[in-house]
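Below, each chain spelled out in residue letters.
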Amino acid sequence: MSIAARTLAELASFVGGKVVGDGAVIIQRVAPIDEAASGEITFLTNTRYAKYLERCRASAVIVGIGAAAEYFGRSPVAFLEAADPYVAFAKILQLFSPAALLAQTRSAQASIDASAVIDEGVTVFPLAYVGARVKVGRNSALYPGVFVGDDVEIGSDCVLHPNVVVRHGCRIGDRVILHAGVVIGSDGFGYAGRGESRVKIPQVGFVVVEDDVEIGANTTIDRATLGRTVIRRGAKIDNLVQIAHNVNIGEHSVVAAQAGIAGSTKVGKHVTIAGQAGIVNHIEIGDGAIIGPQSGIPKSVPAGVVLSGGIAAAPHHEWLKVMTLLPQLPKLWASVRAMERQIADLVKK
Amino acid sequence: MSIAARTLAELASFVGGKVVGDGAVIIQRVAPIDEAASGEITFLTNTRYAKYLERCRASAVIVGIGAAAEYFGRSPVAFLEAADPYVAFAKILQLFSPAALLAQTRSAQASIDASAVIDEGVTVFPLAYVGARVKVGRNSALYPGVFVGDDVEIGSDCVLHPNVVVRHGCRIGDRVILHAGVVIGSDGFGYAGRGESRVKIPQVGFVVVEDDVEIGANTTIDRATLGRTVIRRGAKIDNLVQIAHNVNIGEHSVVAAQAGIAGSTKVGKHVTIAGQAGIVNHIEIGDGAIIGPQSGIPKSVPAGVVLSGGIAAAPHHEWLKVMTLLPQLPKLWASVRAMERQIADLVKK
Amino acid sequence: MSIAARTLAELASFVGGKVVGDGAVIIQRVAPIDEAASGEITFLTNTRYAKYLERCRASAVIVGIGAAAEYFGRSPVAFLEAADPYVAFAKILQLFSPAALLAQTRSAQASIDASAVIDEGVTVFPLAYVGARVKVGRNSALYPGVFVGDDVEIGSDCVLHPNVVVRHGCRIGDRVILHAGVVIGSDGFGYAGRGESRVKIPQVGFVVVEDDVEIGANTTIDRATLGRTVIRRGAKIDNLVQIAHNVNIGEHSVVAAQAGIAGSTKVGKHVTIAGQAGIVNHIEIGDGAIIGPQSGIPKSVPAGVVLSGGIAAAPHHEWLKVMTLLPQLPKLWASVRAMERQIADLVKK
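Chains as they are written, first to last, in the working numbering: chain A, 456 to 804; chain B, 456 to 804; chain C, 456 to 804.
You may find that some hints are simply not true.
Pairs involving identical chains hold if they fit within one copy or between any two copies, as the list cannot separate such chains.
[Claimed, not checked] Calculated pairs, DSBU-like style, for lysine-lysine (alpha carbon to alpha carbon, straight line, at most 30 Å): (1) Lys776 <-> Lys590; (2) Lys590 <-> Lys804; (3) Lys655 <-> Lys724; (4) Lys506 <-> Lys724; (5) Lys473 <-> Lys506; (6) Lys804 <-> Lys786; (7) Lys590 <-> Lys724; (8) Lys590 <-> Lys721; (9) Lys721 <-> Lys506; (10) Lys776 <-> Lys721; (11) Lys473 <-> Lys655; (12) Lys786 <-> Lys803; (13) Lys724 <-> Lys776; (14) Lys754 <-> Lys804; (15) Lys655 <-> Lys506; (16) Lys786 <-> Lys655; (17) Lys803 <-> Lys721; (18) Lys754 <-> Lys506; (19) Lys590 <-> Lys803; (20) Lys786 <-> Lys776.
Don't read these hints as lab results, they were simulated from the structure.
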């Protein structure tokens with residue numbers, strides 16, 4: 456993955472950090488702390504992994520400001536101190552991991568409508584499908600099995616990984632990454648009436664995915680019934696997430712794997728939604744809110760709050776007892792209230 | 456999306472409703488209440504959105520019987536009263552949203568076995584695959600990336616969206632919609648024995664999807680071990696749902712996103728299963744039952760009951776306290792029982 | 456599905472079991488107990504289904520050792536007693552269900568890089584994609600829509616079902632089954648920093664899937680940030696499961712549908728994780744542990760323990776009361792403690 460070697464001092468300069476130790480040491484690669492060897496740089500942000508430092512054979516370790524003093528001498532490595540060592544690690548890893556070189560041509564084995572407008576530098580792999588009047592911006596890549604429906608617009612520098620589906624009329628911004636199997640613009644789950652007389656509500660809206668969004672493998676984002684489902688700038692969505700019709704995910708919000716957000720709900724900016732959380736329809740999640748894993752959110756949430764609803768699993772036989780008693784909480788309260796009255800009577804006497 | 460303009464009176468007649476206001480007003484499109492402009496019709500079924508009525512610039516609003524009187528005068532719009540305004544909205548939206556016009560030909564870039572029997576009006580897009588002895592009924596559409604395995608039968612007027620997989624021997628009825636990435640007929644999760652000596656149980660059954668079923672993006676429906684997994688007529692299944700081997704989903708039942716139903720369970724007719732619910736194997740869910748979001752269903756459920764098991768998330772630090780105490784419920788009960796005895800003793804004295 | 460008829464005595468010998476009744480009866484197929492007819496063998500391992508024995512028209516029934524005596528005479532069938540009747544059933548079903556005969560050729564409609572090394576007996580279906588320097592071992596099958604990225608290695612006797620994606624550099628062992636829509640090697644969900652300054656951490660590791668692993672439809676397994684995500688020998692993973700970056704799943708462990716395992720968590724050998732369970736990042740699940748359905752696992756789990764955390768759904772109106780009281784558990788405890796003190800005072804007096 457390496458393209459070039461750098462000195463530790465060069466890397467420190469690149470990330471705005473400071474060398475503690477030998478700045479002339481040559482770094483060629485990034486590696487995890489328990490595997491790193493000579494010529495490699497690693498990082499230590501979670502003290503849980505400090506135990507690996509003793510035997511660490513990396514040439515350098517990225518740590519927080521002032522942390523080198525604590526670790527220095529434990530091993531022969533040099534340190535790179537950075538204000539946010541994890542960000543420094545990410546930037547150095549980016550430096551050593553250039554994007555794959557792509558053909559920047561349209562495969563003859565792809566199916567591309569004659570009316571599609573495809574900019575320079577775009578790679579259309581074999582077996583990709585591009586519908587009528589589609590626009591694809593500079594340097595984007597459509598991997599094999601990608602489906603781009605009629606009238607879709609895709610910005611520049613996007614990557615649509617294998618078997619991504621973007622249905623008709625949806626709009627994808629610049630620098631968007633859609634991982635394998637993502638579906639954008641499937642019909643929302645909308646019906647009127649019941650049973651035999653249930654009627655499908657046509658889903659005639661579309662999806663807008665703004666710039667710098669990344670969406671994980673096999674995640675599904677439904678088109679709006681009317682209007683648009685919107686994933687705002689910088690939002691990051693993990694694998695197997697369900698985003699229903701007319702949902703709005705705010706700027707820079709993060710949604711972890713297997714979470715689900717029901718129809719027309721508005722998620723604010725900088726919100727964090729943890730894995731397997733479920734959010735009902737037609738509510739609002741305020742800016743900066745944090746929703747814990749497996750939490751159920753039945754009503755709107757104010758900005759900035761931290762909510763949890765997940766239950767830590769317990770030994771099975773103990774949990775069975777708890778689960779038998781849980782439905783009897785109302786009875787327990789009634790017992791306690793009755794006793795309170797009795798005690799009050801006794802105290803009076 | 457519009458094909459033709461209609462007067463409000465024509466639309467009222469089409470849905471069996473009644474005009475309150477100017478029936479001659481021309482309607483060209485359907486739009487949401489907060490975006491609708493002149494020439495558009497909108498609807499109001501959720502009073503939460505009544506606030507938008509003041510500034511609403513739609514030419515007409517669909518409401519319930521008698522509701523126009525309440526709103527009349529708040530804005531210059533006319534009203535269409537209907538017994539079920541949401542159904543009226545759906546039907547009018549269908550009227551203004553004709554299905555996409557398809558080529559009704561077989562692409563030379565598709566891979567179609569010579570033994571497949573494909574009826575008139577069928578569209579096979581480029582990059583679709585059709586196996587041996589497959590039958591496809593009139594006017595169905597197979598989008599790019601669709602895989603139809605050997606001996607599959609697909610009825611008429613079906614839509615298989617991009618990258619749908621229907622494995623060998625499965626049967627799909629008429630007017631079935633399979634959204635992008637749906638997998639029908641994957642192997643059920645069946646093994647005998649343990650560890651090193653675990654043996655795969657061949658999954659030699661198939662899946663039957665009856666008429667008028669709609670299945671959401673990336674949902675998976677496993678083939679039966681022996682016999683069949685069945686999705687009955689009119690059932691609607693949302694995105695990312697798991698339906699295990701030998702499950703039976705009854706007529707007109709509805710399963711919301713990310714729910715999971717384990718092997719051999721029989722779900723009755725007109726059942727509603729909300730999002731992220733989980734249902735164990737080998738049980739029965741009675742007709743008309745309603746299962747709330749995130750509910751776990753460990754045993755059979757009688758017809759018509761409404762069950763919930765989801766927990767509303769709470770502020771994180773409060774929830775931590777609750778979660779510390781929850782496993783101690785048995786102790787709490789014991790304390791309460793002990794106190795009851797003590798109080799009884801004190802009262803006696 | 457049948458290839459040949461066998462006598463019951465031959466089948467008993469094949470599975471190391473014992474005939475009770477007529478060993479000369481001819482068996483041609485396997486069928487479920489409620490549908491089996493003459494010439495078919497069925498099995499009875501769950502006493503819940505014993506009621507079907509009276510009317511069972513199968514020619515033979517597989518049961519546990521000594522069980523035939525109990526059932527004999529209830530119906531005209533013969534019995535095959537086996538130490539593990541479910542394993543015997545699986546083996547007999549395998550015998551009657553040979554694998555599909557494949558072309559063992561490379562379709563001209565596939566896209567195969569000239570540098571790929573594809574062994575004898577491999578079937579590459581139309582519309583499959585094979586990247587540069589890929590290796591595929593003997594008799595493996597790549598179904599339509601399969602994407603195999605550059606430098607991937609796939610062992611022998613593997614089946615990659617339609618629309619499976621294996622991204623660059625991942626390694627798949629022998630006899631691995633990847634069901635339709637599986638994604639192996641998508642980017643892990645890794646960022647450093649927050650909001651506007653959030654930085655993507657390149658995911659430059661890969662995924663190793665060892666021998667005899669089976670992975671269910673639309674499951675996603677992310678590549679490691681650095682190093683490798685590993686699914687060890689014999690592990691079985693169901694549909695729609697999320698396995699995050701750097702996770703390690705131990706030998707012969709089983710993960711049921713819609714479960715999710717967060718980054719860097721190590722799952723031991725012979726672990727069972729039930730459906731919709733969620734496991735946080737950076738923990739260890741000990742060998743042989745069993746995690747119940749919908750359980751949340753927030754910290755490491757010792758070997759061999761059985762944990763549950765799922766809640767059985769209750770009638771909705773009762774559950775509402777319980778859910779109102781649950782957040783007040785700390786208050787309830789305080790009341791109980793206060794009363795205990797009061798009673799102690801009263802008792803003293």
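A quick look at each hint next to the structure:
no. : hint              : verdict
1   : Lys776 <-> Lys590 : neither (60 Å within a copy, 54 Å between copies)
2   : Lys590 <-> Lys804 : neither (86 Å within a copy, 88 Å between copies)
3   : Lys655 <-> Lys724 : between (33 Å within a copy, 18 Å between copies)
4   : Lys506 <-> Lys724 : between (38 Å within a copy, 25 Å between copies)
5   : Lys473 <-> Lys506 : within (23 Å within a copy, 57 Å between copies)
6   : Lys804 <-> Lys786 : both (27 Å within a copy, 27 Å between copies)
7   : Lys590 <-> Lys724 : within (29 Å within a copy, 45 Å between copies)
8   : Lys590 <-> Lys721 : within (29 Å within a copy, 44 Å between copies)
9   : Lys721 <-> Lys506 : between (44 Å within a copy, 18 Å between copies)
10  : Lys776 <-> Lys721 : between (39 Å within a copy, 28 Å between copies)
11  : Lys473 <-> Lys655 : between (62 Å within a copy, 22 Å between copies)
12  : Lys786 <-> Lys803 : both (26 Å within a copy, 24 Å between copies)
13  : Lys724 <-> Lys776 : between (42 Å within a copy, 29 Å between copies)
14  : Lys754 <-> Lys804 : neither (48 Å within a copy, 50 Å between copies)
15  : Lys655 <-> Lys506 : between (59 Å within a copy, 27 Å between copies)
16  : Lys786 <-> Lys655 : neither (45 Å within a copy, 48 Å between copies)
17  : Lys803 <-> Lys721 : neither (55 Å within a copy, 60 Å between copies)
18  : Lys754 <-> Lys506 : between (44 Å within a copy, 19 Å between copies)
19  : Lys590 <-> Lys803 : neither (83 Å within a copy, 86 Å between copies)
20  : Lys786 <-> Lys776 : both (16 Å within a copy, 10 Å between copies)
The structure is inconsistent with the numbered hints 1, 2, 14, 16, 17 and 19, although it conforms to all the rest.
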